[in-house]
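In the order they appear, the protein sequences are chains A and B.
So the first sequence is numbered by my numbering: it starts at 3 and just counts up by one.
So the second sequence is numbered by my numbering: it starts at 16 and just counts up by one.
Be aware that a few hints might be false.
Said to hold, decoys possible - Derived CB-CB ranges, DEER-like:
| hint | chain 1 | residue 1 | chain 2 | residue 2 | range |
| --- | --- | --- | --- | --- | --- |
| 1 | A | Q105 | B | G109 | 23 to 33 Å |
| 2 | A | T249 | B | Y260 | 25 to 35 Å |
| 3 | A | R298 | B | S223 | 29 to 39 Å |
| 4 | B | D257 | A | E164 | 43 to 53 Å |
Said to hold, decoys possible - Okay, derived cross-link-like pairs now, SDA-like style, lysine to any residue, Cα gap no bigger than 20 Å in a straight line:
| hint | chain 1 | residue 1 | chain 2 | residue 2 |
| --- | --- | --- | --- | --- |
| 5 | A | K70 | B | K238 |
| 6 | A | K187 | B | R263 |
| 7 | B | K133 | B | H110 |
| 8 | B | K218 | B | K238 |
| 9 | A | K70 | B | K133 |
Honestly, the hints are just simulated from the structure, not real lab data.
Beta carbons are placed, not taken as given, at the ideal position from N, Cα and C, and that holds for glycine.
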Amino acid sequence: MTTELQKTGSLIKEFEAKIDQDEKIEPKDFMPEAYRKTLIRQIGQHAHSEVVGMLPEGNWITRAPTLKRKLSLLAKVQDEAGHGLYLYCAAETLGKSRMDMTQELLSGKAKYSSIFNYPTPTWADIGAIGWLVDGAAIMNQIPLCRCSYGPYARAMIRICKEESFHQRQGYEIMLTLAKGTEAQKDMAQRALNRWWWPSVMMFGPSDADSTNTEDSVRWKIKRYTNDELRQKFVDAIVPQAKKIGLTIPDRDLKWDKKRNKGTGGYAYGKIDWDEFWRVIKGDGPMNNERLAAKQRAWNEGTWVRDAAREHALKKQAALQAAE
Amino acid sequence: MRKKMTDMVFEGLLRLADDNLILGHRTSEWCGHAPTLEEDLALPNIALDLIGHAQALYILACELNPKYANEDALAFLRLEHEYKNVLLVEQENGHFGNTVLRLFYFSTFMKYFWEALKEQCCFEKLKKFSEKAVLETSYHSQYSSQWVITLGDGTEESNRKMSDAIINLEPFVGELFSEDNFTRESFQKDFFPELGLICEKWKAEVQSVFTKANLDLPNITLKKRGGRNGEHTEVFGYLLSDLQYMQRTFPNSSW
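Please take these sequences and the hints and turn them into a complete structure.
The structure is reproduced here in structure tokens:
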């Protein structure tokens with residue numbers, strides 16, 4: 003018993019030494035259970051977010067205003083399905099199957115980014131999602147390219163490249179609308195009003211209320227706190243909005259030279275954390291619809307997946323018989 | 016190009032572009048709702064190719080007809096009777112098996128069509144375009160044929176669903192190969208290939224896939240037609256209200 007404990011103790015020391023030296027942890031390396039669990043939860047949620055995120059944007063493919071925009075949007079949602087696939091693979095290297103993760107998503111047990119529980123009533127919402135939601139996602143994800151878990155870090159490098167392209171595309175949609183007719187400009191402003199606060203909330207609770215931050219920072223899964231990332235996001239977006247003549251819906255927004263350790267940054271108004279928790283707990287505008295759509299797709303696809311399994315078995319049996 | 020020739024080329028480009036646009040539109044409706052994540056990736060990818068083909072063809076078409084300012088005017092601002100796609104592509108998706116069977120029918124037809132254009136077409140720009148299009152279309156045909164085999168051969172239920180899909184789509188298949196003044200003239204002028212030859216190749220390939228899939232090839236006769244003349248089915252109006260919504264609601268805007 004003592005030797006087992008000693009062995010585990012030295013493995014943990016080895017693991018921590020690797021983390022300290024910025025070496026990557028690989029699937030076959032020893033890792034503490036809590037590290038594994040944190041990563042499975044985080045990568046799984048990230049994968050689910052990509053998959054559920056296809057719904058609000060997919061909502062506008064058939065109605066996109068031009069062929070060029072339609073093609074870009076199709077390419078974007080296709081990228082998202084691809085991101086979902088990489089991320090499920092990365093999570094599978096930690097010992098959890100994609101089927102289990104999918105079941106947890108469909109049963110409502112696993113979470114995905116709450117942002118996708120907001121609706122996309124107009125074309126401008128597609129621009130706002132690209133600009134703000136993908137913008138916030140990049141802030142979160144760029145540090146993850148240096149995350150201590152190798153497969154996740156590598157998946158994030160590719161994902162970040164595509165996300166930054168999506169963000170530019172989203173901003174360009176907003177720019178075009180903002181330069182357009184009064185109706186277009188109004189559509190863009192209304193979308194910004196809808197998406198601003200939910201995007202600011204995407205970084206999660208304030209550091210004081212965040213339960214997962216401390217371990218994740220120590221393990222170099224997370225390199226910045228929620229509030230640090232939120233500040234970076236606000237500082238990046240405010241001048242972009244100004245440049246295209248749109249107004250951030252926050253009267254308390256102002257330059258504060260004390261922010262960012264005295265280099266200056268934008269102070270922003272009070273975040274409605276009640277709304278944040280309400281949406282997380284399932285009471286957002288589209289929680290039921292998003293989950294129902296995924297459940298319906300899964301259930302209606304059962305016969306297809308069954309047939310694929312059966313066909314593969316028959317093919318395998320035929321091959322064996324031929325040998 | 017003489018006016019009569021220009022009209023013929025314009026009509027041909029529209030037929031091809033509309034088929035691709037409308038099937039791309041239907042295929043894109045699957046986004047986020049497919050049976051597996053792999054299919055959620057593949058179907059938007061195919062829709063992207065189809066709509067990309069339509070875009071390229073509309074660009075060629077509006078160069079020939081000053082009535083249309085750009086490709087979007089052709090894609091979004093015509094009236095229902097001005098769309099020249101076959102009825103097959105505008106039908107609702109139905110279940111996944113119905114969707115892949117239609118894609119198999121259409122992309123196999125188009126694969127042979129592009130191949131023929133690649134060999135011979137008096138309109139050089141289309142001939143050139145077909146070199147790229149045939150590659151993508153062959154992939155669509157291969158992807159969908161794999162699913163037809165998988166689902167036909169899979170379970171009793173999936174075989175039954177595929178047999179239903181065959182019956183469901185059968186009335187619309189003949190129009191792909193139906194002749195009219197345009198097809199006869201365009202063949203004479205070396206613009207479009209002869210549909211009879213394409214039909215033979217198509218039948219042979221579909222038969223070979225159906226054999227592997229334990230499915231029966233129905234006798235293809237001409238039952239429902241009209242799309243090529245702009246006479247569409249009831250479902251088409253709903254499709255157009257989605258497709259044209261933004262351009263109709265916000266006219267003369269840049270996007």
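Does H110/B lie within 20 Å of K133/B when you go C-alpha to C-alpha? 34 Å, violated
Assuming the hint says 25 to 35 Å, is it satisfied by the Cβ distance from T249/A to Y260/B or not? 27 Å, holds
CB of R298/A to CB of S223/B, is that within 29 to 39 Å? 35 Å, holds
Straight-line alpha-carbon gap K218/B to K238/B, limit 20 Å: Holds, because 17 Å separates the two Cα atoms, which is no more than 20 Å.
Are K70/A and K238/B close enough, with their CA atoms no more than 20 Å apart? Between K70/A and K238/B the Cα gap is close to 36 Å, so the pair fails against 20 Å, i.e. violated.
Take a quick look at whether K187/A and R263/B sit within 20 Å of each other, Cα to Cα. 17 Å, holds
Does 43 to 53 Å hold as the CB distance between D257/B and E164/A, or does it fail? Violated: the Cβ-Cβ distance is about 27 Å, outside 43 to 53 Å.
Quick one, are K70/A and K133/B close enough, alpha carbons at most 20 Å? 26 Å, violated
Indicate whether the distance between the beta carbons of Q105/A and G109/B respects the range 23 to 33 Å. This hint holds: roughly 27 Å between Cβ atoms.
Figure legend: structure checked against the earlier numbered hints; hints not met, in rising order: 4, 5, 7 and 9.
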